[in-house]
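Quick note, the sequences are listed as chains S, D and C, same order. Numbering of the first sequence is given in this note's numbering, commencing with residue 1 and proceeding in unit increments. Numbering of the second sequence is given in this note's numbering, commencing with residue 1 and proceeding in unit increments. Numbering of the third sequence is given in this note's numbering, commencing with residue 1 and proceeding in unit increments.
Since the hints were derived computationally from the structure, they do not count as laboratory data. Keep in mind that the hints are not guaranteed to be accurate.
To be verified - Cut-off 20 Å, straight-line C-alpha distance, at most; resulting in silico cross-link-like pairs (EDC-like, lysine to aspartate or glutamate):
(1) C:Lys99 x D:Glu85
(2) S:Lys197 x S:Asp270
(3) S:Lys104 x S:Glu165
(4) S:Lys104 x S:Glu229
(5) D:Lys114 x S:Asp39
(6) D:Lys191 x C:Asp104
(7) S:Lys230 x S:Asp249
(8) C:Lys25 x C:Asp216
(9) D:Lys114 x S:Glu229
(10) D:Lys191 x S:Glu126
(11) D:Lys114 x S:Glu175
(12) S:Lys88 x S:Asp115
(13) S:Lys273 x S:Glu174
(14) D:Lys191 x S:Glu165
(15) S:Lys273 x S:Glu165
(16) D:Lys215 x D:Glu7
(17) S:Lys276 x S:Glu174
(18) D:Lys191 x C:Asp216
(19) D:Lys114 x S:Glu46
(20) D:Lys191 x S:Asp198
(21) S:Lys197 x S:Asp159
(22) S:Lys104 x S:Glu193
(23) C:Lys99 x D:Glu145
(24) S:Lys226 x S:Asp198
(25) S:Lys197 x S:Glu165
(26) D:Lys191 x S:Asp128
(27) S:Lys276 x S:Asp119
(28) D:Lys191 x S:Asp159
(29) S:Lys258 x S:Asp198
Said to hold, decoys possible - Coverage of chain S stretches by chain D, computed from C-beta distances (three or more under 8 Å per stretch; other residues unrestricted):
(30) 7–21
(31) 29–42
Backbone N, C-alpha and C fix where the C-beta goes; we use that ideal spot for every residue, glycine too.
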Amino acid sequence: MTELIATYAGAAVIALGALAVFFGLVLAIADRYFQVQMDPRQAQIEEILPRANCGSCGYGGCAAYAEALAQGRAAGNQCSPGGPAVVKKIAAILGIEVARFEPKVAVVRCQGSRDRAADRFRYVGERDCRAAAATQYGQKGCQFGCLGLGTCVRACPFDAMVADEASGLPRVLEERCTACGTCAAVCPKNIIEVLPKDRYVHVLCRSLDPGRVVRGLCQVGCIACKACEKACPVEGGAIHVRANLAAVDMATCISCGKCVRVCPVGCIGDFRKGRKEAAMRETVAAGAPAGDAADPAA
Amino acid sequence: MEVGYLELAIGSILISNFVLAKFLGLCPFFGVTRRISDSIGMGLAVTFVMTLASAITALVYRHVLLPTTDQHTNLLGLVGLPVPEGGYVLVLKTTSYILVIAGLVQFVEMVLRKNVPALYRAMGIYLPLITTNCAVFGVALLNTEAWRDPSKGLPVHLAAFNGFCGGVGFLLAMLLMSGIRERLAEERVPKALRGLPIAFLSAGLMALAFLGFSKLFGIAV
Amino acid sequence: MARPRDGREGTTVGLWQDFADKPIKNNTPFVVVLGLCPTLAVSTSVKNGVSMAAAATAVLVCSNVLISLIRRFIPNQIRIACYIVVIAGFVTMVEIVMKALAPDAINRALGIFIPLIVVNCIILGRAEAFASSHGPLSSLLDGLGIGLGYLLSMVLISGIREVVAAGMLWGYRLTPVVVAGRTIVPEYQPIAVLGMAPGAFILLGLLFGLFAWMSDRRREAVRRTGVAAAPQTAKDFPKPAKAAAQGGGAPGAGPAPAAPGA
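Isolated chain S, as found in the complex (with noise of 0.2 Å):
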């Protein structure tokens, strides 16, 4: 009985090793048949990278941009979900030196809620803003405004975006955000931007209208009186009014706020104090002391 096991066991093993053996020689022979030059660095950086293949670094996809920066065609600090630790990373397996990374973040361009800014009809057709904005620009009253059915919020593949209830406007949740610029690629009316981090003053409207056709219909919005420019204490002024919308010249502006103190309607935003805080409670976690040359605390 046992020899009869032991036998045909025997012969078992023997089998599957013959099969496996046999397959392995064709898989072998094949690899060899069907090589493909690839530089090993690519691979490297396609493992480090964080494969959200978001596009935001210009590339289709992590791989093509591992491809590309193997072959020497793209920036090292061009994915921005990555953030500096993978920068570093690339830097490291290129060996080369990569200009710092900028983080960035989405800013929502309109403070137009349901209680500032009425809407012209009810609308009740695709919960999609890009539907909406179809509709004859959309439901709102300011055509340039927010329409608040929640596309960026849905898009947003990293769940970044909240949709307030209360306000009908979308907010960022900005130790979330990596700029990957989805949100601001499916709004209909361009209102989402992505914007350096360490740049605290954004104007929050994009209304071209006249200001007295803003003022009938959003009580938030730029009527473009030109109070901003007048305070801005740097030389050749840091925020222009163009076309009866002011806006920030980012290259200049030294986040001083005094337009924002300024405004008659509220209209220009300071997000100092928000990431301030975010910055300090992200350095008290780390147990480290405050004050990170990348970070926008310092």
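With chain S fixed as given, assemble chains D and C onto it according to the hints.
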């Protein structure tokens, strides 16, 4: 009735569709069908693997697992190894089939990576996942044992054809499902049903429709 | 060639956690959408469903333990192939045992889905996610936990299907209920088509929808405030800044990390 090409084709594509009637290949059926382009690629790859896997596993079944009969010889017996009366079917079938399929998928991966890199990158992680696709392994099992004469299974050419038809049925089901899901994405679906639940309900209705094919042309599969 | 210890070793929070977290939090197929094929195919009656869950659990536990024992000796590049071979071995054993010991009706009902346990994503998934980085005892408990969750799901699905489509439970007729000559519950005319493929898909769709609705309600309560009332998971905490920060800075931060609060 004599099993021929027509019976296999209608049986595997319509009457016992691998996805909608046999419950095989459900993970990619619900995972990959968000876009029609994805499902076409996946369906074609799976069809290709199913055809080849059916052929090779049928060969392995007849010449390695089954004991020697007057129609075919057992290669192990030829080499001199002992073969029990029932053959090695019970002990080696699962492992050898999965070896065949894993090797085959690896091979297809290599070929695609070299010759059609765009498709290779588009399929991404789904290509190695074909190894664990129930449909591929299932068709190999169905061809060889669950058939009418379990001691013989389907002959190799019919097994390969059955694999091909199973793949075509899989592709058909995926195409229909992705067409429905692309339309569903624009509809107002109740929040709790969005995504997977409504896909399952759609699949249920599709299965109901395919039930109408049973006993088509008197074919009983 | 052993895989180097690169920090992939998982930490065991506690042996009880290894088991207790799994049946609900990692429930297959409702939370972790894996292993749909056998779930739909064999849940026609509770007996079949329980047999399938038992077979799958047996394979899962055995393969988890063995893979956990040999995890240091498996080269990284071929680890998936090794896992599959181990699982195939145990599936063959379970196949043979069931052919010998299980009643014929069950074997016929389960059919090809017993050998198909090899490609069941649950088992391969747990091997890759847990057994490859935890000790044998933890892996055993993990397998038991996942198996228990699978058993619960199967009982739920096959229970509903058997009652609705055959009017039976565990092979016993449920209706009619006749007490003292009076028919309290009349004969139930079973809906056979729901026992076939369409019913399986529709039932599972409704169950998924039900669980989605239940978890949505829980998440709404959290989201309404805009910020989680209390940290839910690790990812709600901001990532700590690199400890190798340039020296200096305010000394007031202190060594102990404080919880990021409101």
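Hint check:
1. C:Lys99 x D:Glu85: OK: Lys99 (chain C) and Glu85 (chain D) at ~17 Å, within 20 Å.
2. S:Lys197 x S:Asp270: Since the Cα atoms of Lys197 (chain S) and Asp270 (chain S) sit roughly 12 Å apart, the hinted pair holds (cutoff 20 Å).
3. S:Lys104 x S:Glu165: Judged against 20 Å, a Cα distance of about 26 Å means the pair is violated.
4. S:Lys104 x S:Glu229: This hinted pair is violated, its Cα atoms lying about 25 Å apart.
5. D:Lys114 x S:Asp39: Between Lys114 (chain D) and Asp39 (chain S) the Cα gap is close to 15 Å, so the pair holds against 20 Å.
6. D:Lys191 x C:Asp104: violated (44 Å)
7. S:Lys230 x S:Asp249: holds (15 Å)
8. C:Lys25 x C:Asp216: Status holds; Cα separation ~15 Å.
9. D:Lys114 x S:Glu229: violated (60 Å)
10. D:Lys191 x S:Glu126: holds (14 Å)
11. D:Lys114 x S:Glu175: violated (41 Å)
12. S:Lys88 x S:Asp115: violated (46 Å)
13. S:Lys273 x S:Glu174: Satisfied, since the Cα-Cα distance of roughly 12 Å is no more than 20 Å.
14. D:Lys191 x S:Glu165: holds (16 Å)
15. S:Lys273 x S:Glu165: violated (23 Å)
16. D:Lys215 x D:Glu7: holds (11 Å)
17. S:Lys276 x S:Glu174: Given pair Lys276 (chain S), Glu174 (chain S) holds - Cα atoms ~11 Å apart, limit 20 Å.
18. D:Lys191 x C:Asp216: holds (9 Å)
19. D:Lys114 x S:Glu46: holds (19 Å)
20. D:Lys191 x S:Asp198: Answer violated: Lys191 (chain D) to Asp198 (chain S) is near 38 Å, above 20 Å.
21. S:Lys197 x S:Asp159: holds (19 Å)
22. S:Lys104 x S:Glu193: holds (10 Å)
23. C:Lys99 x D:Glu145: Between Lys99 (chain C) and Glu145 (chain D) the Cα gap is close to 14 Å, so the pair holds against 20 Å.
24. S:Lys226 x S:Asp198: violated (24 Å)
25. S:Lys197 x S:Glu165: violated (26 Å)
26. D:Lys191 x S:Asp128: Holds, because 15 Å separates the two Cα atoms, which is no more than 20 Å.
27. S:Lys276 x S:Asp119: violated (35 Å)
28. D:Lys191 x S:Asp159: Holds, because 17 Å separates the two Cα atoms, which is no more than 20 Å.
29. S:Lys258 x S:Asp198: Roughly 17 Å separates the two Cα atoms, so the pair holds.
30. 7–21: holds (count 9)
31. 29–42: That given contact holds, which follows from 5 residues of the region 29–42 of chain S lying within Cβ reach (below 8 Å) of chain D.
When the structure is compared with the earlier hints, violations turn up for hints 3, 4, 6, 9, 11, 12, 15, 20, 24, 25, 27 and for no others.
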